[in-house]
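Using the sequences provided together with the hints, build the complete structure.
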Amino acid sequence: MLFLKLFFTFLKIGIFTFGGGYSMIALIQNEVVVKNGWMTAQEFTDILAVSQMTPGPVGINTATYAGYTAVVNSGLPGWQGVVGSLLASLAIIILPVTAMLLVLRFLSQHRNNSVVDTVFRVLRLVVVGLIAAAALLLLTVDSFGTPGINLQFIISIVIFAVVFYFSYRHRTNPIILILASGLIGFLVY
Amino acid sequence: MLWKLFVSFWKIGSFTIGGGYVMIPLMEKELVDRRQWLTREEFLDYMSLAQAMPGIFAVNMATIVGKRQAGWRGVVAAIAGNILMPIALILLLAIFFRHFRDNAVVERIFKGLRPAVVALIAAPVFRMAKSAKVTLRNCWIPVVAALLIWLLGVSPVWVILAAIAAGTIYGKLSNRNGVPD
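Protein chains in written order, with the working numbering: chain A, 1225 to 1413; chain B, 1150 to 1330.
The hints are simulated quantities; they were obtained by calculation from the structure and are not laboratory data. Incorrect hints may appear among the rest.
To be verified - Here are the computed lysine to aspartate or glutamate pairs in the DMTMM-like style, where the Cα-Cα straight-line distance is at most 20 Å:
1) B:Lys1279 - A:Asp1341
2) B:Lys1178 - B:Glu1191
3) B:Lys1282 - A:Asp1366
4) B:Lys1153 - B:Asp1182
5) B:Lys1321 - A:Asp1341
6) B:Lys1216 - B:Glu1190
7) B:Lys1279 - B:Asp1194
8) B:Lys1153 - B:Glu1179
9) B:Lys1178 - B:Glu1190
Structure below.
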């Protein structure tokens, strides 16, 4: 049953996401592309582009879009896709919110616990690796073109380098970078 | 109060593009300066808690502030405000985009922006490495985590569970030996 599977998959993604939307990407990708095959890697990259260009938390946006795409890709009608997207978005927040409410209660009783502190320090390190994995997994022929001396690959590398520079160094707004890259694609190809 | 929570988080969710951390300045303005629900120190404390806990950063912040101001009803109001508009917008786009996917112009645009998306995910790796205090001594942890997922196809779930287990053991051991850090 696709809807049940969708719900439990996003339940899992929600509770195992530490460190915000970007670390969630590796998890969602692993579940929806690799394990369940609900969409191709290229479709997933397109979803990420749209999620980053629209307002709202990237995690919610990705879950909504992925939920819709998974259902419609399996041949079901669009309104069921809407149900799938709402299900995925609800599933992704329900466990973290419950955990948060429990922790708020717990923390008002135990302010400083060094074991809890250490766990969070290790988790923060792992999250850096998780986001790196998400980026590495997207280094595919789908997003960059076939490696070699050809137009698409060279342009792709240049776009990657320039966007990385502006995002890292100048914290340029992602929407500007995405729109500019889209415009370049439109003009060049 | 419920309405104010809804509106504040609606603003935070609807006027920020690019996800969680882009929302921080707007959150600070709205929650600390405008509504004065939190002091600046409380805001920082809650922010680190929201970042440390599983889930989506903005939704976690909505949970904390909603609970503090108006109990569980506040939680629902704040979260609903935060995510309703983005969900509606994404749905419209998802429906629209399916019809235009195979359009030649759309394909050209996406050919250009796909590498940009990858770069936008790669950049926070290096920014976050700083705030997570990655050093020469502990840099093997993120590197091994990334390689396990990327090359060996290990599910991130296992990597996170292993990190929680290792952190718990390490924390308990350093407690017993009286090592302060």
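Structure-based check of each hint:
no., hint, in the structure
1, B:Lys1279 - A:Asp1341, "holds, 18 Å"
2, B:Lys1178 - B:Glu1191, "holds, 14 Å"
3, B:Lys1282 - A:Asp1366, "violated, 34 Å"
4, B:Lys1153 - B:Asp1182, "holds, 14 Å"
5, B:Lys1321 - A:Asp1341, "holds, 11 Å"
6, B:Lys1216 - B:Glu1190, "holds, 18 Å"
7, B:Lys1279 - B:Asp1194, "holds, 19 Å"
8, B:Lys1153 - B:Glu1179, "holds, 11 Å"
9, B:Lys1178 - B:Glu1190, "holds, 14 Å"
In summary, the structure is inconsistent with hint 3 from the numbered list given earlier, while agreeing with all the others.
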